[in-house]
Amino acid sequence: MSTILWIVFYPIIAFIIGLFMLGYARKFTARVQRRYGPPWHQLIFDIVKLMSKKTNISHGYMHDIAIMMLLGGTLLTLLFIPVPGFHYFAQYGDMLVIMYIILIPSLGMALGVGETANPNGSIGISRALMMLAGYDVAFALSFIGMAMLNHTTSMYQLMLIQQQHGISSWGIVVNPFLGIAALIALQGMMGEKPFEVFIAPHEIATGPMVEMGGKYLGIMMIQHCIGVFLEITIFINLFLGGAKNWIELIVKLFVVFTVLLSVNAVFGRFRTDDAVRFMWKIPVAFAIIGLLIVIL
Amino acid sequence: MYLKTILLLPAITFLISLLFYKTESVKKYLNLIVYGILFYYGIILYKQIGTNFGYNLNFSSLSVNFNVTYLGYFFTLMITGLTFLTVLFYLKFMKDENAPRDFYIWLAIKTFGMLGVVFASDLFTFFLMWEVMSWSTYFVMRKGENTQESSFKYLIYAVSSGMLLLVGLTITYNTFGTFDFAQIHNALSGASVSLLFLLAVIFIGSFAIESAVFPLHSWLPDSYSNTFSPITSYLTGISTRIGVFAIIIFLFNIIGMENINKLVIFKGISLMYILGLISAITIIIPTFTALEQYDAKKLVTWHGIGQGGYMILGLASGTALGIAGGIFHIVNHLTYVSLILFSVAAVEYRTGTTNLNKLGGLIKKMPIEFLGLLIGIIALAGIPPMNGFVSKWMIYKTLILTGHPILAIAAVIGTLGTILSVYKLIHNIFLGQLPPEYNNIKEAPFILQIPIIVLMIVVYVLGVYPGIALSLIAKIQSALNLPAVNYTLHGVSKEVGELNMNVINLVFLGGIIVAYLIYLLGNKRRHVSQYNNYAAGHFLTEKTKYNFNYKFYAALDHVISPWKKRIIERTEKAIISFTENFGEYFRRIYTGNLNTYTMYILTAFVISIIILKELL
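Top line first, the protein sequences correspond to chains A and B. Add 367 to a position in the first sequence, counting from 1, and you land on the number used in my numbering. Add 22 to a position in the second sequence, counting from 1, and you land on the number used in my numbering.
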């Protein structure tokens with residue numbers, strides 16, 4: 368029974384936390400840049416407005432299905448990530464599964480954007496995929512390192528192992544190199560500056576979102592809230608010992624997010640090839656050092 | 023006895039194709055029926071696993087022996103199934119007046135050769151059938167324009183593969199005095215490590231050519247992609263994989279796991295690890311070469327090489343999970359790669375091109391082919407819930423847990439490269455702007471869609487119920503004296519870390535339904551044309567090219583190409599200059615003087631008489 372309740376309410380909780388985090392992000396970035404910034408609940412207004420728009424323009428059935436694949440795939444990924452109190456699905460799929468189901472939303476989005484027949488969108492997708500090839504190498508390496516260190520690929524097991532002796536058994540303390548590599552990769556995964564090449568509003572008119580409006584953009588925003596929650600939770604579960612209760616999880620989420628945002632607030636945008644080059648050099652080097660420490 | 027029937031049926035198609043040599047319209051239907059019957063017998067062969075028969079050759083003491091093993095049955099299913107689908111697709115794809123008359127003849131011989139290889143129970147039969155198979159492949163692929171040179175390249179490789187095999191065969195027979203697999207296996211347990219190494223290098227080298235393992239792969243992309251598209255699918259799907267079959271037979275049936283463990287060069291670096299490293303390179307380099315192809319068929323055939331690397335990587339891991347993953351990947355690869363190539367071929371049937379820079383926006387015109395290609399690329403990229411993910415998951419998992427980080431990261435990088443290039447494939451054919459010249463294109467004929475729909479279902483079903491294939495694979499492993507994989511209907515059982523594809527699939531469907539409900543919350547949507555698009559204030563018309571597909575990953579190319587220049591081109595230059603010098607040395611043999619040649623022939627004759635006298 369409690370499992371069913373969790374399945375229903377977990378995505379809602381994740382969405383609300385994500386909403387707060389994104390509201391906080393806008394305020395935080397504004398204050399760093401000495402602006403006043405929108406109120407924290409601006410995103411709620413945005414979503415309600417977009418969902419109730421009268422005209423919704425679509426370019427075909429794939430465009431419609433894409434938006435469902437985007438949200439559906441994100442919900443799928445979310446349910447497989449263990450959080451305090453809920454790890455029912457974690458037994459059916461390990462971290463390797465998560466690494467690949469997390470691509471389903473992006474794939475769906477890519478197909479939908481392709482059908483809109485707008486070159487700005489296609490360029491955005493091409494850049495997003497190149498970024499994927501950039502950050503995922505470091506992220507996979509650091510995950511492989513953690514899995515080899517603890518002899519398991521299950522994210523729930525990794526979480527439990529890190530909770531045994533408090534902070535001293537956290538992944539980022541046991542092997543800081545892997546943790547730093549994953550943190551930099553996370554910056555790319557979240558599309559924060561300096562790696563936001565695929566949104567790039569001034570170059571390619573927000574890339575994938577260029578032909579999205581009305582409820583399509585609204586669903587994308589809902590997905591973004593859940594996406595922010597789940598991407599940072601993956602990092603927390605792998606390197607910061609997960610969380611024993613929700614308050615701990617929320618605190619950790621905001622701490623990690625603040626680190627990412629402070630980088631985001633002060634950096635410009637890398638060119639795509641520079642971003643990929645950076646990703647293949649610095650974080651991969653960190654990850655390889657970490658991996659060598661694990662093996663030797 | 024089904025085995026005899028199965029080996030006889032290709033002979034019947036051969037006769038049919040000879041009788042109706044000039045009447046394409048009759049022979050194609052007759053052939054389809056016979057290949058259908060062959061597929062039926064391929065399925066019911068399951069009842070007779072373990073039967074065997076031999077046939078003594080009149081002119082010598084040698085005999086040809088066949089038996090049905092689980093592995094043989096597994097490959098028979100794939101060979102007969104894909105051949106049937108290919109013939110079905112070919113039926114409509116080729117117009118009668120353009121069809122090469124001798125295609126069915128060579129297809130019959132090739133099918134016979136492949137079936138003979140998988141049923142062979144001794145080395146002599148194996149070699150005989152191997153030669154039949156590789157020679158007929160040359161004639162099968164030598165169809166269509168510009169195939170002379172590329173298929174001749176294949177022939178050179180195939181002949182050297184056959185020669186290596188002959189050398190291995192001779193050494194084995196001279197040492198142990200027998201051709202039988204089981205007897206060689208028993209004799210090998212007492213053999214020295216150096217002999218084992220010699221045999222391993224010779225045999226695996228020979229099979230690596232056929233299965234296009236990295237340094238020996240260069241014959242494949244051109245020769246496969248220049249032929250007619252259905253044949254490309256057939257060759258990529260099954261023909262290359264017979265090489266992997268041979269590697270399985272050689273590693274686990276002839277040498278045996280207990281002897282493989284002896285093959286260690288020095289601490290930690292074993293034969294299997296070297297094989298793993300080679301297959302890791304086979305994954306990465308062809309996959310990133312595929313990224314820059316602009317011909318759909320060539321792109322997929324390059325991936326065919328890369329995916330072959332995963333199979334051998336799985337086998338080289340040596341664990342129950344890894345070997346099962348490697349074998350499972352063969353059937354997965356067959357299903358999704360032929361699905362992809364059939365879809366591409368159906369597009370080619372209507373548009374007449376496979377050039378990725380000229381196509382675009384066909385999704386509205388050919389939705390079935392789009393769906394086929396979509397499911398195919400999801401499987402090829404190894405994303406759940408399709409079948410390619412399951413086998414790749416098994417390989418990643420075993421590599422991580424047995425402590426092979428380098429091989430595991432190679433597998434992961436290969437998958438990243440695959441995702442990039444398959445998105446380019448589907449985007450440039452089906453997405454983006456539809457060029458005006460394709461405005462009146464229709465769906466492909468229904469006969470071309472049948473193989474696509476069938477394979478779509480197979481790819482999805484094997485993804486959600488991998489247990490269907492894994493049950494057979496577990497039996498193969500027990501028959502080869504290997505530890506069998508712990509499987510369930512939906513994946514892998516708890517002892518090895520559970521994977522349940524059904525749960526993933528259901529949760530995904532549930533997520534889609536929730537997303538659909540949220541989607542319904544908004545107001546009704548309106549479909550608009552591709553010219554009703556954001557163009558920064560410009561008006562788009564039919565004449566405006568507003569598309570992005572040329573050099574899809576230009577930025578990545580900026581990153582990779584300097585590396586390629588540094589490493590690959592220099593290596594290539596070195597190899598070329600070496601070959602030129604070497605060739606110059608050999609050129610002196612060809613003096614152009616008839617007397618010299620006569621002397622050569624005489625010398626060769628005398629030498630071979632001496633050798634034969636020693637042997638017999």
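Read the hints as simulated data drawn from the structure, not as lab findings. Don't be surprised by glycine CBs; every beta carbon is placed ideally from N, CA and C. A few of these clues could be false.
As the list claims (entries may be wrong) - Output of the computed footprint for chain B on chain A, the stretches with three or more beta carbons under 8 angstroms from beta carbons of chain B:
{"#": "1", "region": "402-415"}
{"#": "2", "region": "491-497"}
{"#": "3", "region": "535-545"}
{"#": "4", "region": "608-618"}
Unchecked claim - Below, simulated DSS-like cross-link-like pairs (lysine-lysine); rule was C-alpha separation at most 27 angstroms, straight line:
{"#": "5", "chain 1": "B", "residue 1": "Lys-284", "chain 2": "B", "residue 2": "Lys-497"}
{"#": "6", "chain 1": "A", "residue 1": "Lys-648", "chain 2": "B", "residue 2": "Lys-586"}
{"#": "7", "chain 1": "A", "residue 1": "Lys-611", "chain 2": "B", "residue 2": "Lys-284"}
Quick rundown of the hints versus the structure:
no.: 1; hint: 402-415; result: violated (count 0)
no.: 2; hint: 491-497; result: holds (count 5)
no.: 3; hint: 535-545; result: violated (count 0)
no.: 4; hint: 608-618; result: violated (count 0)
no.: 5; hint: Lys-284(B) - Lys-497(B); result: holds (25 angstroms)
no.: 6; hint: Lys-648(A) - Lys-586(B); result: holds (17 angstroms)
no.: 7; hint: Lys-611(A) - Lys-284(B); result: violated (48 angstroms)
Comparing the model with each earlier hint shows violations of hints 1, 3, 4, 7; every other hint is respected.
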